[in-house]
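Undergrad: Start from chain A and add chains B, C and D according to the hints.
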Amino acid sequence: MSVDFLHPGEGTAVDTGVPALEMRGIDKRFPGVVALDNVDLTLEPGKIHALMGENGAGKSTLIKIMAGVYGKDAGTIRMRGRELDIKSPRDSLKEGIKVVFQEIALISEFTVAENIFLEGYPTGKGGSIDWRKIRADSAALFNRIGFNVDPAARTGSLPVSQQQMVEIARALAHEARVVVMDEPTSSLTPNEISLLFTVIRRLAALGIAVLYVSHKLDEVFEIADTVTVLRDGRHVSTRPIGEHTNDTLIQDMIGRRIESLFPRKRGTPGSKVALSVQGLSTAKKLKDVSFEANAGEVLGFFGLMGAGRTELAKAIVGFDPITSGTISVDGRGLLPHDTHTGVRLGIGLLTEDRKSEGLMGELPVYQNASLASLGAFARMGFIDKAGERKAVQDYVDRFRIKTPSLFQQIKNLSGGNQQKVLISRWLMRGLKVIVVDEPTRGIDVGAKSEIFALIDRLAGEGLAVVMMTSEMPELLGLADRIAVMCEGRLTAIMSRDDATQEKILNAAIG
Amino acid sequence: MEMSELTQSSAPRRFLGGQLLGSSQLVLGIILAVLCIAISIAAPQFYSEANIIAILRQCALVLIVASGMTMLIITAEVDLSVGASLAFVGCIGMAVLNSTHSLALGMLAALAFAGGVGLFNGLVVTRLKVNSLIATIGTMMMLQGGVYLFTREAVQNHHRLISFTDLGAGYIGAIPLPVVIAVVIFAIAAVTLRFTTLGRYLYAVGANERAVRLSGVRSERLKLFAFVVTGLCVGVAGMILSSLMNAGQPTAGRGFELTVIAAVILGGTSLLGGRGSLFGTLLGVLVMKVIDNGIIILGWNQDLQMVVPGVVIILATYLDIIRNRANVG
Amino acid sequence: MNWSKSILFASAAALALSAAAAQAENMPKRIGYVTNYATHEWYQNVIKGMQSRAKELGIELEVQDANLDIAKQVSAAEDFMAKGVDVLIVTPVNEEGVVPLLRQAKSNDVPVVLEGNPVKGMTTMVAICDYDTGYTAGVEAGKYAKEKLGGKAQVMNVGLPLLSATVLRSQGFMDGLKTIVPDAVMVHDLDGGGNPDRALEVSAAALAKNADINIIYGINDSSSLGGLQAWKAAGKSQDNLLTVGTGGEGLAFINAIQNEPSYRIEAAMFPEKEGYTAIDAAVKLFNGEEVPEHIVSPTAPMNGDDWKKYYDYDGAVRTIKWDAVNALQPPETCMKTSADLKK
Amino acid sequence: MSLASTDTMKAGPSMLARLFARQELALLLCLILVIAFFSFTAENFFSVRNMTNVLGQASLALTAGIGCAIVFISGEVDISIGSLLATIALPLIIIMNDTNSLLLGVGGALLFGLIIGVVNGYLTAYAGINSLIVTLGTMFIMRGGVYLYTGQRAIPDDAALDSFIALSDGRLFNVVPYSAVIAIVLLVVFAYMMQHRPFGRQIYAVGGNPEVARLAGYDVRRVKFICFVISALLATVAGIILAARVGSAQHTAGLNFEFQVVAATVLGGVSLAGGIGSLTGMALGVLILQFLSNGLRGLGLPTEWQLVITGMIIIAAVAFDEAKRRRIVGG
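Protein chains in written order, with my numbering: chain A, 1 to 510; chain B, 1001 to 1329; chain C, 2001 to 2343; chain D, 3001 to 3331.
Read the hints as simulated data drawn from the structure, not as lab findings.
Some hints here could point you the wrong way.
DSS-like, lysine-lysine: derived pairs with alpha carbons at most 25 Å apart [unchecked claim]:
| # | chain 1 | residue 1 | chain 2 | residue 2 |
| --- | --- | --- | --- | --- |
| 1 | A | Lys432 | A | Lys411 |
| 2 | B | Lys1129 | A | Lys287 |
| 3 | D | Lys3324 | B | Lys1129 |
| 4 | A | Lys284 | B | Lys1129 |
| 5 | A | Lys284 | D | Lys3324 |
Just chain A, with the same shape it has in the complex (with noise of 0.2 Å):
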């Protein structure tokens, strides 16, 4: 049985009892690491099953083994009985699983349309592809989902949350008997989360499996039957949602209580202003926008997507270009208007986008850490390393970032040791302001307390910090201030103590 979303009446009736995709004894070893070891996964057609786990737990991997983009060790997979041979994206695909990755997998260069259809273009006489047919295909498949973007829109040139519909979108466009979401909420606003949850329930309702992969609690009890955990590698356990709550989740997770995910330990902060903003805008997006920030405080900007917190983030360390405004760190303008000057000022940004903006992979760890601060380490002009390593080792530590030694290349870090090493690169430069964008994005719950942990202690250090979030209980959970865009401006600066998520949504909307 096999369901496309587009013609939906080609479906049958669900057929419960018979597992859709049956994993067994599944074993997968990297070079020094075994990422799962023999672990089961029965997805049920017509079920919403919840696989969560820590990052390094082996959620990614076994799902990439699904894909075909790795291929296993041991074990067998299985559909609907018949044993499957995955060796590569294309037999996975030709079975019906479709994967929806955390990371876009769109070409940006494409028009919607054209990457709703890209696993297979339909064609006319002759093989030519049928543009036609691929529009109006694309338009009537937004059009049943209620998801609203123009299908002739060049992809690239959509907002990320969109461009995760667009995904999703594509999952659907094709006979589907399995369907595996990846983190699919980690940049979607509310309203599209809610959009997104109702399709599921339609996917599932049209006897299709879906696997619903996240680190959020919350909407695994909305959305999940059945919940499975991994932990290193190893399965933990499968349950009805029903016989969880959130601490048994966790327990499972992590392996222990975590009391509180938002440790605060930091004090009141000071009256001092670190930051200051004035009257900013840039070409593109930002208009008059202006705030301070205190020393040992957090200032978190909240607003849906394209809202424009990363862009503000950027123009005020001074790496995107401004029109007007001017921006003050302790009290000394920003000017020339560049990371160089912000950076000697006491200024800088932890990215959103470690890959193409925090990271050199192909460098070992130490040099990542040091590469902000490297002039401590120098003596006329001569780097010394000794030092450096040592300073190294002593935030690999601190912050128990694991790797196997300070020389791995930094790619091969799992997420949240990445974020940390990052955060490293800036303490030991040392900063007045630092802003953070999403420091969380992508980091599972266990990494993710970590990195609140360290964001508490830089502030109780004396650091402003501005951080820009997209989640409200990162929000409410860190920030001593909350300030709200919407649409490139600044509509609400407002205490913790005094903000509500339905102010804070209402600003957002502007």
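TA: Quick look at chains B, C and D alone, frame taken from chain A:
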């Protein structure tokens, strides 16, 4: 070497040689050794003092420019105009020497011109954001044309300065002066890349320019620096070449850029930036020139001088990949 | 161009130049010259000779450069024919490569004079005798070797196998040399690429292998100078060395004869004269006159300061002495040509 | 499917927008400017004879440029095409001389081209060696091999078959050179492939983002492999045209040809980064450079000025394009 630190990361350091030699250097060192042994078995003259000096002198020119080029390629840019610039520099240097009879002024003019070409390339790449491969093809054409606008004939040596002749043909002890100059430039470049903050930044810019810029480092200046250094190296090499030929030859340097870039790539420096070492470049230059020399010494058809480096470049890169795979697997 | 004017030009030219070809009543208006490598000194002087002769005859001369690219040469000739030149002069980048070009010219009724190298299907070619040039220089080198080098002749040939012309020069040189020094040997036979840096590199390696030579022969001045520079760079004295250059294409050889003790013989080929002769041949073809297949342009070996007979040199520019050069008698036919090579 | 019929997308505006965004229009304007400028300044430039001559001259770069652009779009580079031009002329001419058959000669040349494409493609796509290194290596190997085999002498076309000569001298309806006709037909076929065949879109996807392409079920290595084969075969066709134009197998044929083609391709808006650009753009780039060099020759400018001006125009054009792109993308 930076390379070794990277490639050794996954495995413990097993032997001293491993600390000195990164992945591709090891392969290359073996290739070099095999070549030397094989050639000298077939032709004992290979190990004559005169031949070794001849090889070293040939290496010197390539190594000087390759030192700058390695830095440039590490920052993920490339300069194809070095061959054309080499010819132009020689003509300008010689013309200034003829009119001033001062080696210092001649050198200065050559360096100023070549450095200026580097600066121009650098500005076009960093300011106008033109892909360096294309930008320097453009500069190459402009220089090839420009040199004939400057002089239609080879610029002859009218000044007869001994010091100028020594630049190419002189010796310090038993070692030819160009070799000494090359070693000094190589050493400075190697130390810079290996031990200084500047060198570290050059790697960093090649690995991720945006990250470097976010860290408060002026990445464009680093690239500009690498372009200018490459230019200056061409200035030195151009003057040595014109001394060796006793004239500024507008036709010189054809295909020189490919020899230099091939040697750098052969040495394991990645065209994508962020990876490579000068020690590898040294080996790359030696391998290329030993092959060239061996073919002449053995009396083989000189056309093989084109075929063999082609095979070696592909082979060395392939062996490097195999080795890396073996290490990972 | 009216009748009386051309007579005037013709008679003026005839008066000025005793060896000039007989003038006809019709002058082509425009001649197009596609050269091989205009930035090279040799061709610059060929062009100079053409220009001065064309000016005398009142002909408009246009020059295009193939810059060593055969495809570009074909394109440039096409352009000329589209433009409507009366006669085409071509220095082939490569002998085989311009066959289609000749075919096209024939179908367009444009006569073609070749300069330098023969091509299958050609009407006429103006060229020196390469073998003879090498041969006469070889004879002079033999005499010098007998007198100054103790009768020994160990030759390093900085050659260029790429072109039959340059191969002929090297052969001629050795054959001429052997007429005086029968046991002369070629120790090294090198491909110096015809350019100085390559010649230098190749010679350096060869000398490192075996430096037991006493004559350096170069198929052009860049090659002989490249060889000589390699000799000097190896730290050797020029006392018992003879360097023989070929061409005399630019200033380099004058400089070398003045300053390098071993640079004693230059096989001069007078590029200016070759250009001059090519224009005359073009005029004849235009008028449908009979011309020999090979119009020989004269060459002469120059010993030591002989060059002053043929050239004025003011330290920056050399000027050909037409009287002396026009007085040289070229042979009717060459001793050996590229056709002999292919046998 | 009732929803599908409500075709909300009109083809018109999006096409026009895409044309602007894809910069072909700017290139076309540039080409018209070049032609207009020389029509006024260079004698005999704007004549049917000269225009069609230029098309014939451009046929080499056009044909090889298709392959070059396709390889660029797939995210790789091929700089061995210049040497390939010289290499495949050998079997072509030798076989024709032996057999007096154009078909066998062309077949031999294509077989040779195929082998070279397979080698380039295998080493890049399957052995995983950087394509710039692979093709730099094969460039050296082929050029050296040709020199070795020929002893640096050209091999004349002794067979002188009429059909082969027609490739150089013949003109369709006595106007357009056959070589140009071949180039234009190939251009149309491959431009159609790139825009309207699934395989063409796969090439764009593979170059645009290989990881995404793999996840979409494409065999990335196979796609790249085929691109190299296509490039080698098209360069072979260019080599056959060149051999006809010069009536021989030239050992120095195509020296620096790769630079010309790469420059024209990039000028035409095909990105070295992969996934961006079109064959139409490439063709316009080739034509701009070809008309430019023809016009400069027509003005009687010496080589040195032609080089300087061409160099400046390449840099200026790419800089302008880059500035425009940045303005569109923002920042």
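Undergrad: Indicate, hint by hint, whether the structure satisfies it.
TA: Quick rundown of the hints versus the structure:
| no. | hint | verdict |
| --- | --- | --- |
| 1 | A:Lys432 <-> A:Lys411 | violated, 28 Å |
| 2 | B:Lys1129 <-> A:Lys287 | violated, 28 Å |
| 3 | D:Lys3324 <-> B:Lys1129 | holds, 11 Å |
| 4 | A:Lys284 <-> B:Lys1129 | holds, 21 Å |
| 5 | A:Lys284 <-> D:Lys3324 | holds, 16 Å |
In summary, the structure is inconsistent with hints 1 and 2 from the numbered list given earlier, while agreeing with the others.
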